[in-house]
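S.K.: Listed here are the chains, written in short residue letters.
2 protein chains.
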Amino acid sequence: LREKMSDQESYVEELTDKSDDYSRWYTEVILKAELADYAPVRGCMVIRPYGYTLWENMQRLLDARIKATGHVNAYFPLLIPESFLAREAEHVAGFAPEVAWVTQGGSERLEERLAVRPTSEAIIGMMYSKWIHSWRDLPVLINQWCNVMRWEKVTRLFLRTTEFLWQEGHTVHRTDEEAQEETLKMLGVYSAFLREDLAVPVIPGQKTEAEKFKGAERTYSIEAMMGDGRALQAGTSHHLGQHFAKVFNITFQDMDGERKHAWQTSWGVSTRLIGAVIMVHGDDSGLILPPRVAPIQVAVIPIWRKEHEREEVADFVARVQRALGGSVRLKVDWDDEHTPGWKFNEWELRGVPLRMEVGPRDVKNNQVVLVRRDNRAKEMVPFDNIQARTTELLEEVQSDLFKRAQAFLESRTRHVDSYEEFKRELEGEQRGFLLAHWCNDPACEARIKEETRATIRCIPLEGEAEEGACVLCGGVSGSRVVFGRSY
Amino acid sequence: LREKMSDQESYVEELTDKSDDYSRWYTEVILKAELADYAPVRGCMVIRPYGYTLWENMQRLLDARIKATGHVNAYFPLLIPESFLAREAEHVAGFAPEVAWVTQGGSERLEERLAVRPTSEAIIGMMYSKWIHSWRDLPVLINQWCNVMRWEKVTRLFLRTTEFLWQEGHTVHRTDEEAQEETLKMLGVYSAFLREDLAVPVIPGQKTEAEKFKGAERTYSIEAMMGDGRALQAGTSHHLGQHFAKVFNITFQDMDGERKHAWQTSWGVSTRLIGAVIMVHGDDSGLILPPRVAPIQVAVIPIWRKEHEREEVADFVARVQRALGGSVRLKVDWDDEHTPGWKFNEWELRGVPLRMEVGPRDVKNNQVVLVRRDNRAKEMVPFDNIQARTTELLEEVQSDLFKRAQAFLESRTRHVDSYEEFKRELEGEQRGFLLAHWCNDPACEARIKEETRATIRCIPLEGEAEEGACVLCGGVSGSRVVFGRSY
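These protein sequences, in sequence, are chains X and B. Under the working numbering, the first residue of the first sequence carries the number -18, and numbering increases by one thereafter. Under the working numbering, the first residue of the second sequence carries the number -18, and numbering increases by one thereafter.
Okay, chain X solo, but in the shape it has when bound (with noise of 0.2 angstroms):
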């Protein structure tokens, strides 16, 4: 799986620590390991394979989630007419400033330019409007995996890059109100993917009308907590009203015999969130992958100076990989150019969850060395024992990144009741998000983000009703939103 390297024994050490530059920090983790690399297009990135197969490890846990919540999954076009994407006028004033467009086929100059999709809701409710006649074709529940592309000013690997890989549901419904529970239990597939399978703890809620999806009636969000307090948008489901319905006259035959307008989702989430694992759970040694999505799980290292003794190594290797049969991701390190410690380093740096040394002590004690990734313990496994407690520690490992990355995000999130203290936390060593009462006016929302870089990231969907007063205006409030920096 790994790719060959060349002799770079020393670029483990080079890493910059998070607490020095988290940027840099983290453009380096992605070089390094390589999880990407810079592509010779504008703000376009390669993904190299340790990156797509931990992409497609989380694509396919979550395809079988949305799978399991009755969807199937379609391909739909590329290319979008540029008077597509201009029905709708939210839509398209949203998105026209960052669409790349096609205007020449072969040497053929088109008539009408041609969007490379920045998202698929105009090609696809142009479809629905084709395909859907009765109530008895909905709800209509489809999702594509594809990629999009957003010519972004300022670009940053996996977390904004002008083309990115996706999925993006497009649903149909009969009633406004299916409509809403669809958006909602989407969300909530994504809060249960990226607790459950990312290790990744988040905020669901609402965003308000300045945040919301252009071409949207309400736009709901996961939002999780980066290592430097920031907030990243991880995921986002639209209850697109019937916005879309209209502009593209998709309507059917009711029970009741008459034509109404269908109502409609749509939801995605992105390579974005590789950059999100990446950044809740790496430490100043690089990665440290959950074991759900670890492209390799176990990285056995073999140690051995003399050549009778590699041969014992590798028998015992074998026996070990027959016990773990194919119940887990193994790599087995046989390179002979470099030494044990710089393999630790390196599987270190490529956020492996866990190490199994076997050296000929081990071979005579009937054992391997195991060593977590998360907090390094190390413990003796007798070999009777091998396949019940990597099983065991992978689980443990999984459970105590997300305890942690919860932990975290507890500890970086603070109630504020005035604006002083808002500005002074936000500025503090200890920036995360703030929990702060907002009376609903947009422009306190505007003023509060102009002066001081803080969006609200969502009204929380599982927090408790409070009465307070703005923030910023001491205005009438009826519960607290959740502000932050963000990605």
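Mixed in with the good hints, there may be bad ones.
[Said to hold, decoys possible] Once the Cα atoms are required to be at most 27 angstroms apart in a straight line, the calculated DSS-like pairs of lysine-lysine come out as:
(1) B:K404 / X:K324
(2) B:K111 / X:K13
(3) X:K111 / B:K13
Just so you know, these hints were derived from the structure itself, not from any lab.
Here the structure of chain X is known, so what remains is to put chain B in place on it, guided by the hints.
M.R.: For chain B alone, kept in the frame of chain X given last:
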């Protein structure tokens, strides 16, 4: 899985007969079985859920074969700067006429046009030159699943669309021999995938100079025969030589310390294979899908008149589902808008390999009726035998589909030894492949193509050497080649 449809009781009967109008039959089957639909963008299609699930099943099986031979997946950018594409002279000459060009990003006019990838040798070559330094970095065995775009003048659903989905493998090797071995290995992977998973017989062979990939040293392909006797190039594998290595400067320090240009291969199959499955197996009633890739393997049609019968049947069907467990992909059609007879037709149209009928009498006799889609053979199966017999029948259908297609291919492949006979066979009722001698002269190949529209599909790898005289000029030939008209 099936998208619900409006009440269109009569659509099944409307299907055109294959023998009346093959091309119309093909398009109708695709639209009526809801595999795909026309998109509102020139030459593009929408792959609908039923078609996409078929593609997902194909993808999963082929991906496993690609990984089992040591390859890993990655993702490279959609857009390729024009100057990159232009570096390999033959390559750009071959692809430039069919490239879609991005010339505008947001409000900014681009200084250099960007090609929507028609294939990725250029962009990948550039990245490889950055990643590869030493013989220790080799081989690089990377594959990518993605969308590509070629601005085709004449399009046809699945077979030739402006945008299509495919996988493209791109490998780098230390020696010419290793690259040649890889090229043929992947051709073998494709042959096995088509024969074993898609039940499609193929002729693996080498392309002539005129027909090879623009930029390759040698191209190999697998050629399949469609139901109308025409050839479909179903997959290609290219030995790229050092063409791209030289223009992108992909070099490595070899074991002997010298810096050398690397050797490369590329290989791909696309959603065109869905077209092959349709045309190789389908009949006048619609699709016939090979069980290994069919989205639904068994369509269960419950039959009842009175409500108490419905309940009995439902209980029995639930028992059958438990007995089958997760071993087959099964759909129970409880739709109460349509008659069982209509459903039989509908699931036949959609090519489901087995139909299971369950009525009150079957419940009483503790049995089901199983009907094969391919030959309509019908049998009663006692409850205790359902699991075993269903699995067995699915395997039989899979293997019989291959045998039938193989027999058809053989019956439509003829040895011809004169140009008169050659032309007569091409105009006959039983059109197919012609095995004829060819002198290796591109001029003869071109004249035959011009006069008969037949091309050399390949120089077969599996045939035996046989001396003979070129079917056109009488010149010396060392073996027969495969001629045919192609899609």
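S.K.: Hint numbers the structure violates, sorted upward?
M.R.: Structure breaks hint 1 only.
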